[in-house]
Amino acid sequence: MKKKYGIKQLSIFLENRKGRLLEVTKALTDAAINIRALALAESAEFGILRLVVNNPEKAKSVLSSAGFTLREQEVFAVDVPDEPGSFYRVVRVLSDEDINIDYTYAFVGGSSKAVLIFKVPSEMLQAALTALEKAGIKLVEPMFFYD
Amino acid sequence: MWNQIEGAPREELERLQLTRLQDTVRRVYHLVPFYKNKFDEMGVGPDDVRSLDDLKRLPLTTKQDLRDHYPFGLFTVPLDQIVRIHSSSGTTGKPTVVGYTRHDMDVWIEVMARTMSMVGTGPKDVVHNAYGYGLFTGGLGFHYGAEHVGAAVVPSSGGFTKRQLLLMKDFGATILCSTPSFALHMAEVAKEDGYDLREDFRVRAGFFGAEPASEGLRQALRDAWGLTYIEAYGLSEIIGPGVAAGCPYGHLHVFEDHFIPEIIDSATGQVLPDGAEGELVFTTVTKQALPIIRYRTKDITVLHREPCKCGRTLTIMESVKGRADDMLIVNGVNVFPSQVEHVLTKIEGVTPNYVIVLDKKGVLDKLEVWVEVDDRTFADGIGALEQLKERLQQEMLNDLYINVRIKLVEPKTLERSMGKARRIIDKREAEGLQK
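Those sequence lines, one after another, are chains A and B.
Numbered per the working numbering, the first sequence finishes at 168, counting up by one with no gaps.
Numbered per the working numbering, the second sequence finishes at 490, counting up by one with no gaps.
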């Protein structure tokens, strides 16, 4: 099941320097890569850009050869109704299982659905997926993001 | 002058130097295997020094030799005769250690008393000593010298600028001992706080050393404080401060009845004549615990042997013009790039691709190390990266004794912007004297 629901996310290390974000997005555009979801974390001096794209392998090689520091992470996504309480229900399942959430981000996937992306410590990933499935929360297959 | 020897005829001085040199050579040959081996290798015996000219036949000693015999391998006395140990940060984690017998302390106090006497420092003076107290020889060196001439010493050590200014003003400091950049920093802070340096303070002279100072910086200090600028030169391997001191005519006199100076060609090791620029080398001729033969200071300068208007006949050295190695001086503390690299290497997960950036923050030095984060070291979390940064900064403080700011940068930015071989960018030009 882990294999089935594991989604490849690329984390890119960025200095807080003018034009850096522009250079990442330009490299992806030139390679015709579609960004399906993104989140940016930042500190005073640097940031981490997290991307789920339609073709992670290609994005990885494009960005690597453009000199970016990156790391591939396995995350998972759930599909929930776009309404009050949806995020809470997912977080509660994870919390009940004592699973730490490293970070999470979301996007609205259509008129009534929202997609939540979670990163948990890799040793807790299997437990997270099992618990969510048992709680009847719909996990998103990677196919949804990839071409 | 404190001691008549400072103005003695050259022949008398040189006779004294020769006797002392001969004693020192016998001492190290018979007591320190390292020297015996080196002398034997070069075919020089302990009785072969018949004139001062024979000094050049003796082997040179380097900082590496001190490090190789860490901690006490080059001492000529057992530890029970040692009354003081100082140490400076080492280039690869191991510090350089120097020891003093009671007699060595007397020599040190004597040369520091001579230094203080360059402006007639005495019982009527209040000496504000802002050199760091501790393992660094600066603080305690000046302390003992100033006390010995009867002055009241305020051992304020470094930092806490505002409190220092308050004490200087309220205690009526007449003499300031500090690095030149810190003295300028104090002047600027005093001005911001509304003090009038000439009205509110009584500082008449300053003893400045531990880092190079341009003529512009010296003049700025004279103007700001209304003081006589006295240069102090020294290094812990020889004794600490007190190896040479500036007279009121601005000439740096080497106390050569204790430390014989030479200038050599850094590349060939050949002795150069007076007036030629090269690497300064010292032989201590009165020290007991750690006598040192022809120590390469790596400082580049010029020697002149001519009488000075101040009445001293002691050799004059010009202010240090530069270094024969890559040592950096950061707010008076010596730092080698290899020390920085050592810290980076020992912290798991950081590739030693880095650049050292030196700049001024106000008038004080600021050292930044830009460290590349690569695919292996990149942890996907702001917290983890911040932790890495903190840890590096802490390790740098532990090993280098200075505050280093770590900046995490993307790989290849360093190469792109400055060429891979270039590890040091020094932006501190003209010591930040823009007015």
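Errors might be hidden in some of the hints.
To be verified - As a list, the in silico EDC-like pairs of lysine to aspartate or glutamate whose alpha-carbon atoms are at most 20 Å apart: (1) A/K25 <-> A/E104; (2) B/K401 <-> B/D414; (3) B/K444 <-> A/E66; (4) B/K462 <-> A/E63; (5) B/K416 <-> B/D429; (6) A/K81 <-> B/D103; (7) B/K444 <-> A/E36; (8) A/K79 <-> B/D430; (9) B/K444 <-> A/E63; (10) B/K416 <-> B/E202; (11) B/K416 <-> B/E247; (12) A/K25 <-> A/E66; (13) B/K462 <-> A/E78; (14) B/K149 <-> B/D429; (15) B/K462 <-> A/E66; (16) B/K111 <-> B/D135; (17) B/K482 <-> B/D414; (18) A/K29 <-> A/E95; (19) A/K81 <-> B/E243; (20) A/K39 <-> A/E66; (21) A/K29 <-> B/D430; (22) B/K416 <-> A/E63; (23) B/K421 <-> A/E118; (24) B/K111 <-> B/E243; (25) A/K47 <-> A/E78; (26) B/K415 <-> B/D429; (27) A/K155 <-> A/E118.
For the record, the hints were derived by calculation from the structure and aren't laboratory data.
Remember, predicted model here, so these are calculated numbers, not experimental data.
Subject >> Broken hints, by number >> reply: 1, 2, 5, 6, 10, 12, 13, 14, 16, 19, 22, 23, 24, 26
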